[in-house]
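The whole structure should be built from the sequences, with the hints applied where relevant.
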Amino acid sequence: MNNFKTDNFQRPIISLRISITNRCNIRCFYCHHDGIIPQEYEMTPQEIERISIISKNIGIRKIRLSGGEPLIRDDIVDIVSKISSLGFQDVSLTTNGILLEKYALSLKNVGLNRVNVSFDTLNPQTYRFITKSNYIDSVKNGIKKAVEVGLYPVKVNMVVMKGLNHDEIWDMFQFCKKNGAILQIIELLKAESCPDSDFFDDYYYDIGIIEEELNKKATDIKTRPFMQDRKKYFLEGGEIEVVRPMDNTEFCKNCTRLRITPDGKLKPCLLRNDNLVDLIEPMRKGASDETMENLFIEAINNREPYYGGC
Numbered sequence: 003m004n005n006f007k008t009d010n011f012q013r014p015i016i017s018l019r020i021s022i023t024n025r026c027n028i029r030c031f032y033c034h035h036d037g038i039i040p041q042e043y044e045m046t047p048q049e050i051e052r053i054s055i056i057s058k059n060i061g062i063r064k065i066r067l068s069g070g071e072p073l074i075r076d077d078i079v080d081i082v083s084k085i086s087s088l089g090f091q092d093v094s095l096t097t098n099g100i101l102l103e104k105y106a107l108s109l110k111n112v113g114l115n116r117v118n119v120s121f122d123t124l125n126p127q128t129y130r131f132i133t134k135s136n137y138i139d140s141v142k143n144g145i146k147k148a149v150e151v152g153l154y155p156v157k158v159n160m161v162v163m164k165g166l167n168h169d170e171i172w173d174m175f176q177f178c179k180k181n182g183a184i185l186q187i188i189e190l191l192k193a194e195s196c197p198d199s200d201f202f203d204d205y206y207y208d209i210g211i212i213e214e215e216l217n218k219k220a221t222d223i224k225t226r227p228f229m230q231d232r233k234k235y236f237l238e239g240g241e242i243e244v245v246r247p248m249d250n251t252e253f254c255k256n257c258t259r260l261r262i263t264p265d266g267k268l269k270p271c272l273l274r275n276d277n278l279v280d281l282i283e284p285m286r287k288g289a290s291d292e293t294m295e296n297l298f299i300e301a302i303n304n305r306e307p308y309y310g311g312c
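Residue numbers (our numbering): 3 to 312.
Heads up, a few of these hints could be off.
[Claimed, not checked] No more than 25 Å apart at the CA atoms, straight line, and that leaves these computed lysine-lysine pairs for PhoX-like:
1) Lys287 to Lys267
2) Lys104 to Lys146
3) Lys134 to Lys58
4) Lys164 to Lys147
5) Lys180 to Lys104
6) Lys84 to Lys64
7) Lys287 to Lys255
8) Lys58 to Lys104
9) Lys287 to Lys84
10) Lys218 to Lys234
11) Lys218 to Lys233
12) Lys287 to Lys219
13) Lys180 to Lys147
14) Lys110 to Lys180
15) Lys164 to Lys219
16) Lys164 to Lys64
17) Lys7 to Lys58
18) Lys110 to Lys146
19) Lys267 to Lys180
20) Lys110 to Lys147
21) Lys179 to Lys233
22) Lys164 to Lys218
23) Lys142 to Lys180
24) Lys134 to Lys164
Hints listed in this document are in silico derivations from the structure and should not be mistaken for laboratory results. These numbers come from a predicted model, not from an experiment.
Shown next as structure tokens:
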């Protein structure tokens, strides 16, 4: 029997994305964080566990941990262990992959189901330009290790940027296919928090151009209705998934996710920062489970499609 909550637009809330840190070990120039949260303000494993319990009580089925870079926390295995022990349908993590080789087996052993690795290029010079670092080999090894230990699926998230990596997609596809990973190509998102409007214009690349080619080459195409109707293309023994956040109404119509910021605020909409609900302060002041559930419901009631026509 379904016990999940729905918002005022009849969208079920079944997924929670928890940003467990805003710290990172690289400095990607397109990162749209909202300011670095000092480490002392991060949620503890016990606080994350309690938030997860409350979310499960209101019908959340899936948890994804992200950052910043979640593997930068030395208590990441404990955090995943506490969440996975609660019996969620799916526990996943998004990482830049630098520390994944170190943690993959331990995370698998405590219940992590799958992982997404942000990795935009196989070119060392381009990687250095994007991330201001030289960890490219560590990321490759992390992807291979994640596949080896049985995290499934391992997805590689490639943000496509004009003039930087838009001509590398097929090389990345071959790398993923060879190593048992799935490639996700992602259209650049123009977020409210992006301070530089010229950035989007300089680097935006319409991946519809790539989709035209995929439509011709694919032996099979599947649509994921509860994932913003994104399409999966199967070809040459591999798989490419296309993520187009600017498919405005579809993106909003099928959104089933709440988010929690690194400083413990419920974020009803990816593209807005003006309707957050503070969760961590009431919890730290002794809020009951009922009060915390009501805060979740308040955030759910704050949800409305960012784009009209849904």
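Out of the numbered hints, which ones does the structure contradict?
3, 4, 7, 8, 12, 16, 19
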